[in-house]
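As you go down the protein sequences, you meet chains A and F in turn. If you're matching positions, the first sequence starts at 1 in my numbering and goes up one per residue. If you're matching positions, the second sequence starts at 1 in my numbering and goes up one per residue.
Quick caveat, the hints were computed from the structure, so don't treat them as lab data. Small disclaimer: the values here were computed from a predicted structure and weren't measured. All C-beta atoms in this analysis are idealised placements derived from N, C-alpha and C, irrespective of residue type, glycine included. Careful: at least some of the hints might be erroneous.
[As the list claims (entries may be wrong)] Covered by chain A, according to a simulated footprint, are these stretches of chain F (three or more residues, beta-carbon under 8 Å):
no., segment
1, 94-104
2, 135-149
[Said to hold, decoys possible] A short list of chain A residues far from chain F (calculated; beta carbon distances all over 10 Å):
no., residue
3, P106
4, V200
5, G204
6, Q207
7, V215
8, S255
9, L310
10, G350
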Amino acid sequence: MSTTSQVTDERVKEMSALRRWLIRPELGGIVGTVAVFTFFLLFATDSGMFNAQGIMNWSTVSAQFVIIAVGACLLMIAGEFDLSVGSMIGFSGMLIAIFLVILGWPAWMSIIVTFILCMLIGAFNGWIVITTGLPSFIVTLASLFILRGFTIYLPQTIENKTIIGGIRDAAEGDWLAPVFGGKIGQGIFQWMGDNGWIAVFERGSQQGKPVVEGVPMLIVWAIMLVIIGHIVLTRTRFGNWIYAAGGDAESARNSGVPVNRVKVTMFMFTAFCATVFATCQVMEFGSAGADRGLLKEFEAIIAVVIGGALLTGGYGSVLGAALGALIFGVVQQGLFFAGVESSLFRVFLGVILLGAVILNTYIRRIITGER
Amino acid sequence: MNPEHAPIIQMKNIEKHFGSVIALAGVSVDVFPGECHCLLGDNGAGKSTFIKTMSGVHQPTHGEILFDGKPMHFADPRDAIAAGIATVHQHLAMIPLMSVSRNFFMGNEPVKKVGPINFFDHDYANKVTMEEMRKMGINLRGPDQAVGTLSGGERQTVAIARAVHFGAKVLILDEPTSALGVRQTANVLATIDKVRKQGIAVVFITHNVRHALAVGDRFTVLNRGQTLGTAQRGQITPDELQDMMAGGQELVELEGSLGGTV
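In isolation and in its complexed conformation, chain A is listed as follows (with noise of 0.2 Å):
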């Protein structure tokens, strides 16, 4: 009996190389890129949207989504869910605008200490959800719910108003503020538009300065968020406990995994980008509002789906997710470029979420070899 399995099973057939790309969760994110530039080079091209500005524009609007794509990505592979992320985002928003301008504390003081706190309400969540049993879906709706009415709140009981303004001014010469407010790159960018490459302002004070001053450190935080987060999940043990805890907590227990721990970081992270992208947000602004961030979990999640993460968790490519939230970004600003009615977006959105649910259900059978 143990001669007949020595050699190669004849059952086994070999995998096509296109089985092969399909069964990658950033096939979906790769091909909807292609076809979506694709379709805006063919009609929007004259529109500036693929001149310095407009290319600014949409990559702006894609960083943010790729900043909290990343979070809600990881977390999802790990099996769980954070509906808070908008709320969250408004909150620690909200937080640094009181402790900056109301409170008076300096700027650097006032962005760590929201780091803090709201990773420790990221922790907290993963805390209820592993120590209940419950479903992340339903405690992470809980906390929307909580931050959301905390964000207009506690505007309203301090200063009587919702929106919280005076930040520029308040975090200047701040060490810490331009990390996330900052922009990089004015050289080059000062340099190509001497050169003629890009467009530069003809009349005013900004007279004979590029259009496009630097890239924001919003793009940059995005990069770098990508790129850590797809090494952590891809080349590191802790990446394969994300993948494990996510693929079936029982059995990854069992292999010594610390799940547990696992979800809990990934909730901190999620936290953790929910709260880079208000900083830079109310840095930009220079305000906070009590409905910043409204809808944002939504659009992380489809952002991952569309990425080709798995909603039952265990599966999925930071990549992928980032090529999400880059279709996301290019559709929701090409469309107006383009000149389409803007609530068009929102069919598009249902649509594509759709479909990639249905592709990436059938990806799964195709990996577990389902029928």
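Assemble the complex: chain A is given as a structure, and chain F must be docked to it using the hints.
Just chain F, lined up with the frame of chain A:
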């Protein structure tokens, strides 16, 4: 069984009570390196409780466990695993969506230090996985093949190969063949034979007499929390084993009414 070897595990007069229920009422079993020790018994005979005691999940109410001649007290399964007692459960610790090599090293990932960061050493993991699986007679399409595409028997084999690779001295298999087809069962039994030949003690739990007789060196039958003795290979017939498991009389009557062997 081999007199040159001392038993690796001696379970002496193990009793386990759950409240008012006596699950084990004084069970004694010796397991030697390189033997396949079959633990037989019908449902509810106490097989699961017994191996859980052996693997550190339960602490015995009374009795003594000697590991390598020294008294052992396992506080939890981790202690037992560290000492070299590995259990392959019916519910396998395998994740279908993950690749074979990721599963193989789950919880024991090899790392390669690049600068200050520890990276998962995929090259090493893939190489070892392919090697170990080939030793067990399974040719994978590649180390990145998902466990979900493997058959039940192959998954058992991956789990066994994993336990052996990580230094198991005693391998406890909890009904590895109960849900498998004929051919797959044969493969798992062949794997047990290979593991035994490496000098590892195998404790094979089953309620299928034919599977036990195919690979077993010694057979211990549990019935209602007690041992009905340990028999050597060749000293006992399948019918005798079957009778002992079922508690004798009733099964004979049943067999009569069914017109054959159960």
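- Please name the hints from earlier in the document that this structure breaks, with their numbers sorted from lowest to highest. Per hint list: 8, 9 violated.
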